[in-house]
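2 protein chains.
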Amino acid sequence: MTDIMMIEAAAARLQGKARRTPMLSSPFLDDLAGRRVLVKAECLQHTGSFKFRGAWNAISALEPAGVIAFSSGNHAQGVALAARLRGIGAVIIMPADAPAIKIANTRDLGAEVVLYDRETEDRDALGARLAAERGLTLIKPFDMAEVIAGQGTCGLEIAEQAAEAGVSAADVLVCCGGGGLTSGVALALEARAPGLCVRPVEPEGFDDVTRSLATGKIQTNTRLSGSICDAIVTPRPGALTWPIIQRLCGPGAVVSEDQALKAMALAHDRLKIVLEPGGAVALAAALFLPGQGDAVIALATGGNVDRAMMARALAL
Amino acid sequence: MTDIMMIEAAAARLQGKARRTPMLSSPFLDDLAGRRVLVKAECLQHTGSFKFRGAWNAISALEPAGVIAFSSGNHAQGVALAARLRGIGAVIIMPADAPAIKIANTRDLGAEVVLYDRETEDRDALGARLAAERGLTLIKPFDMAEVIAGQGTCGLEIAEQAAEAGVSAADVLVCCGGGGLTSGVALALEARAPGLCVRPVEPEGFDDVTRSLATGKIQTNTRLSGSICDAIVTPRPGALTWPIIQRLCGPGAVVSEDQALKAMALAHDRLKIVLEPGGAVALAAALFLPGQGDAVIALATGGNVDRAMMARALAL
Numbered sequence: 040m041t042d043i044m045m046i047e048a049a050a051a052r053l054q055g056k057a058r059r060t061p062m063l064s065s066p067f068l069d070d071l072a073g074r075r076v077l078v079k080a081e082c083l084q085h086t087g088s089f090k091f092r093g094a095w096n097a098i099s100a101l102e103p104a105g106v107i108a109f110s111s112g113n114h115a116q117g118v119a120l121a122a123r124l125r126g127i128g129a130v131i132i133m134p135a136d137a138p139a140i141k142i143a144n145t146r147d148l149g150a151e152v153v154l155y156d157r158e159t160e161d162r163d164a165l166g167a168r169l170a171a172e173r174g175l176t177l178i179k180p181f182d183m184a185e186v187i188a189g190q191g192t193c194g195l196e197i198a199e200q201a202a203e204a205g206v207s208a209a210d211v212l213v214c215c216g217g218g219g220l221t222s223g224v225a226l227a228l229e230a231r232a233p234g235l236c237v238r239p240v241e242p243e244g245f246d247d248v249t250r251s252l253a254t255g256k257i258q259t260n261t262r263l264s265g266s267i268c269d270a271i272v273t274p275r276p277g278a279l280t281w282p283i284i285q286r287l288c289g290p291g292a293v294v295s296e297d298q299a300l301k302a303m304a305l306a307h308d309r310l311k312i313v314l315e316p317g318g319a320v321a322l323a324a325a326l327f328l329p330g331q332g333d334a335v336i337a338l339a340t341g342g343n344v345d346r347a348m349m350a351r352a353l354a355l
Numbered sequence: 040m041t042d043i044m045m046i047e048a049a050a051a052r053l054q055g056k057a058r059r060t061p062m063l064s065s066p067f068l069d070d071l072a073g074r075r076v077l078v079k080a081e082c083l084q085h086t087g088s089f090k091f092r093g094a095w096n097a098i099s100a101l102e103p104a105g106v107i108a109f110s111s112g113n114h115a116q117g118v119a120l121a122a123r124l125r126g127i128g129a130v131i132i133m134p135a136d137a138p139a140i141k142i143a144n145t146r147d148l149g150a151e152v153v154l155y156d157r158e159t160e161d162r163d164a165l166g167a168r169l170a171a172e173r174g175l176t177l178i179k180p181f182d183m184a185e186v187i188a189g190q191g192t193c194g195l196e197i198a199e200q201a202a203e204a205g206v207s208a209a210d211v212l213v214c215c216g217g218g219g220l221t222s223g224v225a226l227a228l229e230a231r232a233p234g235l236c237v238r239p240v241e242p243e244g245f246d247d248v249t250r251s252l253a254t255g256k257i258q259t260n261t262r263l264s265g266s267i268c269d270a271i272v273t274p275r276p277g278a279l280t281w282p283i284i285q286r287l288c289g290p291g292a293v294v295s296e297d298q299a300l301k302a303m304a305l306a307h308d309r310l311k312i313v314l315e316p317g318g319a320v321a322l323a324a325a326l327f328l329p330g331q332g333d334a335v336i337a338l339a340t341g342g343n344v345d346r347a348m349m350a351r352a353l354a355l
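In order, the protein sequences belong to chains L and S. Just so we're aligned: 214 in the working numbering is position 175 of the first sequence, and the numbers increase by one with no gaps anywhere. Just so we're aligned: 140 in the working numbering is position 101 of the second sequence, and the numbers increase by one with no gaps anywhere.
The reader is advised that the hints may include incorrect statements.
If several chains are the same, the list does not tell them apart, and a pair holds so long as it fits within one copy or across any two.
Said to hold, decoys possible - Lysine to aspartate or glutamate pairs mimicking EDC-like chemistry, simulated, CA-CA at most 20 Å apart: (1) Lys256 to Glu47; (2) Lys141 to Asp70; (3) Lys56 to Glu199; (4) Lys179 to Asp163; (5) Lys141 to Glu199.
Because the hints were derived from the structure by calculation, they are not lab data.
Extracted from the complex, chain L is given alone in its bound form:
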């Protein structure tokens, strides 16, 4: 089980490797929200999302001969770069119909991309065969103790940066898919800033964690595609992440796709950062949903958006 000791060990491994991302703010956003809004700009992390933290920590801790991952998105890029920097090979299994730019980016980061046909091939069997044949270690996107610990290092930074900003009690809104970042940050804040309460934020129609928290047991999403917030669409909370989220996190929050796009545009205008829809839902909740207290912290978790989607947000 991930704990604060593992997160501290991850922070030591990430020292000088991951960026300490800035905590941004704007008086315009404060006025809009009616309270101070602090934005942890994790879109400025290597590969454009927090995923590099967990990937680097898992690879550094486990010291595998090579790694394998299933992902067409942010996890793929985080694993590919971390493996390259550690000098080991990475195989990333992606659906053959993944966007060409994501395949190209992952290859450009040095990974071997293996494509499979969603209709006719069994992804897990393919991965298991490759892992066995080549002695590769699977790096899971969230349900893995070392990955959760790596994402938790973001929480250590939030604890310090909130204290520097004079904020000791606030909601910490986190864009939530499988819950790796949410649970890691919650563990870090439990130990280092107990007045900061993590609340998962999800897009409408993909609110499994919010419903799980409300009902006290794991709920699943009926759909797994069709959201512009694709980076945080997962079937259900993870087996490792859910108990942590249930124990430590406040109620979930849900925003519309339109609110996510508006938050992207405001982040562009006021913070000068680029967010993808799934990386903007926490900021959307901070800006557009009612909240309590005189400050709120929002994690801006990723910025891997294509130009057309950003143009769509800016045209709203």
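For this one, chain L is given, so just place chain S on it according to the hints.
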């Protein structure tokens, strides 16, 4: 005259007030440029540009009862926020035909905006009268020792961040208008990182500093409008900034508007930051012009771009 002692004093005044902006990079940009590209993301500074540094330092050092400035752009916002945080009044004189959003933003930051008619009114006379009547101190956009010292604090950070990145010899490309940032950074690097050589970068048609450096005496621009890089269009190098630039800076560089827009799009894709055209010319030079050495540092100086201009860059 500004010197390293004044810059160090400015850094002490800015401690905890200005952001220490991150030094970003991307393996994709390294590949494109054929060498390491480090980007100092000063667009993430308060008010979206480096201008807050000089404004805060001048106001903190001079302790005026109130301030006045001429600007419709980044300097206006920097002065307005610095004055508000210092608890003094700010009058910003703007042309009546300035974009409504810039007027609104400056007012929202607490400044009193006084509009004048470019055709019929004498801006300087209006400013002098208001300053005399109300006892206001003029904060110049670049040709003022305390402003240069404030901008120079960015150079102290570059010296530290380049050392952390293992870069001790490189060109430092700086988007250059009147030369406040260029001269301040050059002074800081002369003292703290003498292997780093500042080179001013300007847009085509507004390359007064580049031509001044090439000829050894001050040259002027024939036009003062019509550039999308409006933030760095000035008639000529400043009386205080020019001797510093002449003594310390390497040859200037000139990029096209199209290159500036392409750099904005690449900054969006690869660094997840928002740049305005004038804030992107140094990055454009790093990416698209030939250079020497195995690393280059580019200052991304401002991100106050409207949504339509960003959409234009993303559509290239």
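Now the hints, each set against the structure:
Taking the shortest alpha-carbon separations for Lys256 and Glu47, neither the intra-copy value of 30 Å nor the inter-copy value of 57 Å comes in at or below 20 Å. Taking CA atoms no more than 20 Å apart as the test, Lys141 paired with Asp70 passes between copies only; the shortest distance there is 17 Å, against 37 Å inside one copy. Both within a single protomer and between protomers do Lys56 and Glu199 lie at most 20 Å apart by alpha-carbon distance, with minima of 19 Å and 16 Å respectively. When the C-alpha separation of Lys179 and Asp163 is checked against a cutoff of 20 Å, the pair qualifies only within one copy, where the shortest distance is 12 Å, while the shortest distance between copies is 64 Å.
In this assembly of identical chains, the alpha carbons of Lys141 and Glu199 never lie at most 20 Å apart, being 34 Å within a copy and 34 Å across copies at closest.
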